[in-house]
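For the sequence shown, position 74 (counting from the first letter as 1) is numbered 73 according to our numbering, and the numbering increases by one without interruption.
A hint or two may mislead.
Listed below are the simulated DSS-like cross-link pairs for lysine-lysine, each with C-alpha atoms no more than 25 Å apart in a straight line [stated by the list, open to error]:
1. K59 / K95
2. K29 / K16
3. K51 / K29
4. K28 / K95
5. K29 / K48
6. K16 / K28
7. K59 / K48
8. K48 / K26
9. K51 / K28
10. K56 / K68
11. K29 / K95
12. K16 / K48
13. K51 / K26
14. K48 / K28
15. K29 / K68
16. K26 / K95
17. K22 / K95
18. K51 / K68
19. K51 / K22
20. K56 / K95
21. K95 / K51
22. K95 / K68
23. K59 / K22
24. K48 / K22
25. K95 / K48
26. K48 / K68
27. K22 / K68
It should be emphasised that the hints constitute simulated quantities derived from the structure, not laboratory data.
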Amino acid sequence: MLPGGQINPDLLRIEPKALAFIKSIYKQKKVLAAICHAPWLLIETGLIKGKKVTSYKSIKTDVINAGGKWEDSEVVTDQGLITSRNPGDLEAFSTKIIEEIREGKHAQRAA
0 MLPGGQINPD
10 LLRIEPKALA
20 FIKSIYKQKK
30 VLAAICHAPW
40 LLIETGLIKG
50 KKVTSYKSIK
60 TDVINAGGKW
70 EDSEVVTDQG
80 LITSRNPGDL
90 EAFSTKIIEE
100 IREGKHAQRA
110 A
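Input sequences plus hints: build the corresponding full structure.
Written out as structure tokens, the structure is:
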């Protein structure tokens, strides 16, 4: 799970090791979850392109400019990538993370 808030993802998106770790999780077809501003990290890694996602509304334009398909929903899942808007959506976000982990690896995911 990638951390939300403004400062955490903003600091992590300039750290090459953090970005490499995120990419490796995705390539291993493991569940990857991002809430609030955390999709900034998905933007930096290039993983957001072509994916249906949600985020905190203030980064909607960033998501769209990076090729993401932004939705205003409490939780959005696309190929094992789980995104959520804000802490108000935590129950739905947590439930979806558990559901996706139970499903296991996401073989249909494009690397």
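Structure-based check of each hint:
The suggested pairing of K59 with K95 holds, with an alpha-carbon distance near 21 Å, which does not exceed 25 Å. A distance of roughly 18 Å separates the Cα atoms of K29 and K16; the hinted pair therefore holds under the 25 Å criterion. Among the hinted pairs, K51 with K29 is consistent with the structure: their alpha-carbon atoms are about 17 Å apart, no more than 25 Å. Our distance criterion of 25 Å between C-alpha atoms is met by K28 and K95, whose separation comes to about 16 Å.
For the hint pairing K29 with K48, the CA-to-CA distance comes to about 18 Å; that is within 25 Å, so the pair holds. A distance of roughly 19 Å separates the Cα atoms of K16 and K28; the hinted pair therefore holds under the 25 Å criterion. Taken as a hint, the K59 and K48 pair is honoured in the structure, with Cα atoms around 13 Å apart against an allowance of 25 Å. This hinted pair checks out: K48 and K26 have alpha carbons roughly 15 Å apart, not beyond 25 Å.
Among the hinted pairs, K51 with K28 is consistent with the structure: their alpha-carbon atoms are about 17 Å apart, no more than 25 Å. The straight-line distance between the Cα atoms of K56 and K68 is roughly 13 Å, inside the 25 Å bound, and the hint therefore holds. Between K29 and K95 the alpha-carbon distance is near 14 Å, which keeps this suggested pair within the 25 Å criterion. Note on K16 and K48: the hinted pairing holds, with a Cα-Cα distance of about 21 Å set against a maximum of 25 Å.
For the hint linking K51 to K26, the alpha-carbon distance of about 18 Å falls within 25 Å, and the restraint holds. Between K48 and K28 the CA atoms are separated by roughly 16 Å; this keeps the pair inside 25 Å, and the hint holds. For a cut-off of 25 Å, the pair hint linking K29 to K68 stands: about 21 Å separates their Cα positions. Distance restraint check for K26 and K95: the Cα-Cα separation of roughly 20 Å lies within the 25 Å cut-off, and the hinted pair is therefore satisfied.
Restraint check for K22 and K95: satisfied, since their Cα atoms lie roughly 21 Å apart, inside the 25 Å limit. A distance of roughly 4 Å separates the Cα atoms of K51 and K68; the hinted pair therefore holds under the 25 Å criterion. Between K51 and K22, the direct Cα distance comes to roughly 18 Å. Compliance with the 25 Å bound is thereby established for this hinted pair. Restraint check: the Cα-Cα separation between K56 and K95 comes to about 20 Å, which is no more than 25 Å; the hinted pair holds.
As the CA atoms of K95 and K51 are separated by approximately 15 Å, the hinted pair is consistent with the 25 Å bound. Restraint check for K95 and K68: satisfied, since their Cα atoms lie roughly 19 Å apart, inside the 25 Å limit. Restraint check for K59 and K22: satisfied, since their Cα atoms lie roughly 22 Å apart, inside the 25 Å limit. Between the alpha carbons of K48 and K22 the distance comes to roughly 13 Å, so the proposed pair stays at or under 25 Å and holds.
For the hint pairing K95 with K48, the CA-to-CA distance comes to about 21 Å; that is within 25 Å, so the pair holds. For the hint linking K48 to K68, the alpha-carbon distance of about 8 Å falls within 25 Å, and the restraint holds. Only pairs whose Cα atoms come within 25 Å are accepted, and K22 paired with K68 is accepted, the gap being roughly 19 Å.
Hint compliance for this structure: every hint is met.
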